[in-house]
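Colleague: Using the sequences and the accompanying hints, generate a full structural model.
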Amino acid sequence: MSRPDVDEIVEPAPDGAEVRQDLQQALISGIAIIVPFVVTVLVLLWAFNFVANALSPLVDLLGVFGPASEMRSLVREGIAAAVFLGLILAVGLAAQHGPNTGLGRRIDAVMGELPGIGSIYSSVDRMSEVMVEGDTESFREVKLVEFPQQESFAIAFLTAESPAAVEDAAGYDEMQTLFVPMAPNPVMGGHLLSIPTERIHDVDLTVEEGMQAIVTTGMAIDENAHDER
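For the sequence shown, the positions run 1 to 229 when my numbering is used.
There may be inaccurate statements among the hints.
Derived DEER-like restraints, expressed as beta-carbon distance ranges [as the list claims (entries may be wrong)]:
hint, residue 1, residue 2, range
1, Glu146, Gly171, 52 to 60 Å
2, Gly218, Leu27, 17 to 25 Å
3, Val91, Ala164, 55 to 63 Å
4, Leu44, Asp173, 45 to 53 Å
5, Ala164, Ala26, 36 to 44 Å
Bear in mind the hints are in silico, worked out from the structure with no lab data behind them. Model, not experiment: these values are computed from the prediction. Ideal Cβ positions, reconstructed from N, Cα and C, are used throughout, including at glycine.
Modeller: In structure tokens, the structure reads:
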């Protein structure tokens, strides 16, 4: 029996550049998934501790649970959990009725006037509307742009033509402003890029399909829609 040719069963190992590129892409993908989750958990923990600490004087005044500090701490955290869940439920109910009615409108007005964070809140609120209500009119088209490195393309949304001041400073005649969302949760942030027009690639995706690709990490693109085009 003849032995198989070694060249037929041994595949060439990837070179160092490919390995580094794969590791870099894996690192970027891991950060994009973990950071929004960690930030959300930290914010929720901070809010819960804030409510619990605010209730401490009230629990101490009740004085019906005796001197045991463990019991007072347990009661405080239980009440804080109930209040915290109630606040989340109230905010959710307000959001269901839309930002332009009742409580939602008043919250938007107050937050929008806060110095320093008003513009940030407005931007995040606008992105939340896109995600929750499917309002994609703010994005004109879906584009592909090399980001964060060459030969690595990211889905981006065309938002506007770049201002003349940006074009003059960058030394290009025509530039466009693109938003590259953070997957899988664009509400947590993204990158605002001004890119020369010749470096922007058209892609046969609707804005809704592009957003679905972002929030599902590429798993919800309807391939049948492309076959029909």
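Colleague: All hints are to be evaluated individually against the structure, with a verdict given for each.
Modeller: Hint check:
1. Glu146 / Gly171: 52 to 60 Å: violated (19 Å)
2. Gly218 / Leu27: 17 to 25 Å: holds (18 Å)
3. Val91 / Ala164: 55 to 63 Å: violated (41 Å)
4. Leu44 / Asp173: 45 to 53 Å: For Leu44 and Asp173 the Cβ distance comes to about 48 Å; the hint holds.
5. Ala164 / Ala26: 36 to 44 Å: holds (40 Å)
Of the numbered hints listed earlier, those contradicted by the structure are 1, 3.
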